[in-house]
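Chemist: Read top to bottom, the protein sequences are chains A and B. Each number in this note's numbering corresponds to the 1-based position in the first sequence with 80 added. Each number in this note's numbering corresponds to the 1-based position in the second sequence with 80 added.
Honestly, I wouldn't trust all of these hints.
Put simply, identical chains are the same to the list, so a pair is met inside one copy or across any two.
In silico EDC-like links for lysine to aspartate or glutamate, alpha-carbon gap of 16 Å or less [unchecked claim]:
#, residue 1, residue 2
1, Lys366, Asp161
2, Lys158, Glu300
3, Lys104, Glu391
4, Lys427, Glu156
5, Lys479, Asp398
6, Lys178, Asp167
7, Lys200, Asp93
8, Lys471, Asp173
9, Lys334, Glu352
10, Lys177, Glu222
11, Lys430, Glu489
12, Lys475, Asp452
13, Lys475, Asp97
14, Lys471, Glu489
15, Lys178, Asp390
16, Lys361, Glu314
17, Lys258, Glu470
18, Lys226, Glu489
19, Lys177, Asp161
In short, the hints are calculated from the structure, not lab data.
There are 2 protein chains.
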Amino acid sequence: MRQSELFTKTLKDDPKDEVSVNAKLLTRGGFVYKNSAGVYTFLPLGWRVIQKIAQIIREEMNAIGGVELFMPALVEKKYLDASGRWDVPIGFDVKGKKEKNPGFALGWTHEEVLTEIASKYVSSYQDLPFAAYQFQTKFRNEPRAKSGLLRGREFMMKDLYSFHESEEDLSRYYEEVKKAYLKIINRCGLKAIYTTAAGGDFTVSNTHEFQVEAEAGEDEVILCRLCNFAENKEISKEKAGGKCPKCKAGVLEKINAIEVGNIFPLGTKYSEAFNLKFKEKSGESKYVVMGSYGIGVGRVMGTIVEVWNDEKGIVWPDSVAPADVHLLMIGGQEKELQKAADDTYNKLVKAGVDVLYDDRGTSAGEKLFDADLIGIPLRVVISEKTMVQEKVEVKERSKKEVKLMKVEELIKSLK
Amino acid sequence: MRQSELFTKTLKDDPKDEVSVNAKLLTRGGFVYKNSAGVYTFLPLGWRVIQKIAQIIREEMNAIGGVELFMPALVEKKYLDASGRWDVPIGFDVKGKKEKNPGFALGWTHEEVLTEIASKYVSSYQDLPFAAYQFQTKFRNEPRAKSGLLRGREFMMKDLYSFHESEEDLSRYYEEVKKAYLKIINRCGLKAIYTTAAGGDFTVSNTHEFQVEAEAGEDEVILCRLCNFAENKEISKEKAGGKCPKCKAGVLEKINAIEVGNIFPLGTKYSEAFNLKFKEKSGESKYVVMGSYGIGVGRVMGTIVEVWNDEKGIVWPDSVAPADVHLLMIGGQEKELQKAADDTYNKLVKAGVDVLYDDRGTSAGEKLFDADLIGIPLRVVISEKTMVQEKVEVKERSKKEVKLMKVEELIKSLK
Numbered sequence: 081m082r083q084s085e086l087f088t089k090t091l092k093d094d095p096k097d098e099v100s101v102n103a104k105l106l107t108r109g110g111f112v113y114k115n116s117a118g119v120y121t122f123l124p125l126g127w128r129v130i131q132k133i134a135q136i137i138r139e140e141m142n143a144i145g146g147v148e149l150f151m152p153a154l155v156e157k158k159y160l161d162a163s164g165r166w167d168v169p170i171g172f173d174v175k176g177k178k179e180k181n182p183g184f185a186l187g188w189t190h191e192e193v194l195t196e197i198a199s200k201y202v203s204s205y206q207d208l209p210f211a212a213y214q215f216q217t218k219f220r221n222e223p224r225a226k227s228g229l230l231r232g233r234e235f236m237m238k239d240l241y242s243f244h245e246s247e248e249d250l251s252r253y254y255e256e257v258k259k260a261y262l263k264i265i266n267r268c269g270l271k272a273i274y275t276t277a278a279g280g281d282f283t284v285s286n287t288h289e290f291q292v293e294a295e296a297g298e299d300e301v302i303l304c305r306l307c308n309f310a311e312n313k314e315i316s317k318e319k320a321g322g323k324c325p326k327c328k329a330g331v332l333e334k335i336n337a338i339e340v341g342n343i344f345p346l347g348t349k350y351s352e353a354f355n356l357k358f359k360e361k362s363g364e365s366k367y368v369v370m371g372s373y374g375i376g377v378g379r380v381m382g383t384i385v386e387v388w389n390d391e392k393g394i395v396w397p398d399s400v401a402p403a404d405v406h407l408l409m410i411g412g413q414e415k416e417l418q419k420a421a422d423d424t425y426n427k428l429v430k431a432g433v434d435v436l437y438d439d440r441g442t443s444a445g446e447k448l449f450d451a452d453l454i455g456i457p458l459r460v461v462i463s464e465k466t467m468v469q470e471k472v473e474v475k476e477r478s479k480k481e482v483k484l485m486k487v488e489e490l491i492k493s494l495k
Numbered sequence: 081m082r083q084s085e086l087f088t089k090t091l092k093d094d095p096k097d098e099v100s101v102n103a104k105l106l107t108r109g110g111f112v113y114k115n116s117a118g119v120y121t122f123l124p125l126g127w128r129v130i131q132k133i134a135q136i137i138r139e140e141m142n143a144i145g146g147v148e149l150f151m152p153a154l155v156e157k158k159y160l161d162a163s164g165r166w167d168v169p170i171g172f173d174v175k176g177k178k179e180k181n182p183g184f185a186l187g188w189t190h191e192e193v194l195t196e197i198a199s200k201y202v203s204s205y206q207d208l209p210f211a212a213y214q215f216q217t218k219f220r221n222e223p224r225a226k227s228g229l230l231r232g233r234e235f236m237m238k239d240l241y242s243f244h245e246s247e248e249d250l251s252r253y254y255e256e257v258k259k260a261y262l263k264i265i266n267r268c269g270l271k272a273i274y275t276t277a278a279g280g281d282f283t284v285s286n287t288h289e290f291q292v293e294a295e296a297g298e299d300e301v302i303l304c305r306l307c308n309f310a311e312n313k314e315i316s317k318e319k320a321g322g323k324c325p326k327c328k329a330g331v332l333e334k335i336n337a338i339e340v341g342n343i344f345p346l347g348t349k350y351s352e353a354f355n356l357k358f359k360e361k362s363g364e365s366k367y368v369v370m371g372s373y374g375i376g377v378g379r380v381m382g383t384i385v386e387v388w389n390d391e392k393g394i395v396w397p398d399s400v401a402p403a404d405v406h407l408l409m410i411g412g413q414e415k416e417l418q419k420a421a422d423d424t425y426n427k428l429v430k431a432g433v434d435v436l437y438d439d440r441g442t443s444a445g446e447k448l449f450d451a452d453l454i455g456i457p458l459r460v461v462i463s464e465k466t467m468v469q470e471k472v473e474v475k476e477r478s479k480k481e482v483k484l485m486k487v488e489e490l491i492k493s494l495k
């Protein structure tokens, strides 16, 4: 992609209305635009990151047998009345211009909708187990939406729901999802702490969170770095400085963390509400046992920025970067240099490299400054100086050293 | 994909609450599920079709220089106040549980949001032209949502907006989009009639619609089949039976049609509302000239079903089918047959063929009935009879003849 075709621009100064690191850097880099508190547009560069994260999640969901579907955002009152969740304070009401009472809520999670759908198709043990997921914009009326992508009122989530014959089968699948989530978060360049948390409204068992250590995190986790024992402080009986109750060796710490995902054993709460039953082999009729599993796609993006940045800007992990290579043409507007830069761009694209090409007529200083801010893993400069040697200058965003190499060598090194 | 992993099932009977052909067939085939009037879930098979249509659109939008982004569904009141569209009857209001007055509408189109964003980045003629698009769920409070995917209250749309220095440059791009739209609709297996329509609220010029001839169409078009003159009946001065005013040779017909896309020259209406100006080379300050262009992704899907069906079910065009091949294992539960069917499935998948594999333990009749209903272009049967010949039985959904061939031959023929 040519940078001149992007309509967005980087900003020199931090936006005045943002306090979080992720919102500041993502706004300055031209990744997001704030339309309202907690409501963001994903600009072209930002949307590329979201799509890369979503693709990683999709691959891992498919690998554990999830089938993708797409449910509506408009959730009719009857669904939430059935589960008793119509009146939760984070819900947004929707009504037509001339209607007196709202007929819909904006879905903030979709247990009700999918359980009702499942009740139309599931009748026998042969129909179980199955798991279905979607990527969807969710809505929550958050009173404090000040953390950029970490806590939005509108945000993209991947939500997976699983349906089982028994608690045992749910437990088996819960472990599979746990592994898939750890893999996803790892592939996104983050390290997840698997944390035991409160049971929440709809389950007696504990739920589990995938927490990423970060100063900006609103959650507090009691952690043993030796054996990975971790409990959300809200439920933990342990204290920082104490001995780990699991390995009896480590010393517990209290850390700040961002919850990027969570998984819930739901039991039969929703299958009872929607009469989702199945016939066992024996003929006995039973309620389906369910689990639900969420990852905030935008929140993963915000967390990556919170963790991967330096004083100059963002330092994207390869797997989720908006491009593999940031190609900068540096120097005057000489035709020869422009041609060499265009040729290099075409060669890279032809070799299947995802390139952001800074072909703008701006100064060297501005281009280098922007490249650091935008944070693409590999910066490739072509200038008069490199051109006479028929080479390009290559620098990793996370390192200081600079190398001169032929484009062919660069392409080879990327494979 | 194995059919046994889908949690959905086909239905024997038409749903009682649907009148349109597309809703009946898509519901029976397990492509969609109606949650509320005009509000549908795309089940796994249906979501595959949506993704294929979206990918065709994406490729053609990128080919004309569009950059993809993603704007919010929550559109704050200030945006629609600025353009005077807060009170339009099709708008849905959104409010928090404890709020008295709605602070947001659900976006049914995004001229306001993108114009405001553009006003933060565009300052010079050098920043123009550009075009940005998104795939997004839109919301319209339709009073009569009875046509399945043809008229939803919640529906997926691709909306593109373009920004220009002058009316001339807009006209140039408008022609490019027109060609891209005709190509998209053609690639989806449909034939578009480029139709002149009313100017609408926000433009003095005419707008243009992409109409597809279909009995179920709610629009009426005055058409000359000789020279493709076409006007929406709402604005046409011509009558059916009259002579074509353009070629002076054809006889005009009045046909029913479905509007799958439309394009609007917007002039400076929104750039004036959001003070989106740019400096010309001469230094003069001018309002940006805009265009907007929409295609209903779900509506394209519904239209395809209205056009491509027979008494047995849907007949998907290759380009948008939920899979290339529907592989049916027919016969008993013999291990040898199961193994042969599994082998065939694995061979096809390995060769990059997109297969729906009916591995269920149901009867031959049921499987053949379902295959016709679901409508995948190629049906491949493996049974005791074909197995002894080391072949499979291949039938195109749209034809009657049946061929026996080796799997290797089949794979070759698909390339």
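Chemist: A separate judgement is required for each hint: does it hold in the structure or not?
Modeler: Hint check results:
1. Lys366 / Asp161: neither (23 Å within a copy, 53 Å between copies)
2. Lys158 / Glu300: For Lys158 and Glu300, neither the intra-copy (37 Å) nor the inter-copy (37 Å) Cα distance is at most 16 Å.
3. Lys104 / Glu391: within (12 Å within a copy, 58 Å between copies)
4. Lys427 / Glu156: For Lys427 and Glu156, the Cα distance exceeds 16 Å both inside one copy (53 Å) and across copies (45 Å).
5. Lys479 / Asp398: within (14 Å within a copy, 49 Å between copies)
6. Lys178 / Asp167: Cα proximity of Lys178 and Asp167: across copies only (10 Å, versus 22 Å in one copy).
7. Lys200 / Asp93: between (55 Å within a copy, 14 Å between copies)
8. Lys471 / Asp173: Neither: 60 Å inside a chain and 58 Å across chains, both beyond 16 Å.
9. Lys334 / Glu352: neither (39 Å within a copy, 54 Å between copies)
10. Lys177 / Glu222: between (24 Å within a copy, 11 Å between copies)
11. Lys430 / Glu489: within (15 Å within a copy, 32 Å between copies)
12. Lys475 / Asp452: Within. Shortest intra-copy distance 11 Å satisfies the 16 Å Cα cut-off; inter-copy 57 Å does not.
13. Lys475 / Asp97: Neither way: Lys475 and Asp97 sit 33 Å apart in one copy and 62 Å across, limit 16 Å.
14. Lys471 / Glu489: within (10 Å within a copy, 48 Å between copies)
15. Lys178 / Asp390: Answer is neither: 52 Å inside a copy and 41 Å across each miss the 16 Å cutoff.
16. Lys361 / Glu314: Classified as neither; 42 Å inside a copy, 61 Å across copies.
17. Lys258 / Glu470: neither (50 Å within a copy, 43 Å between copies)
18. Lys226 / Glu489: neither (45 Å within a copy, 60 Å between copies)
19. Lys177 / Asp161: Between copies, since 15 Å is at most 16 Å while 23 Å is not.
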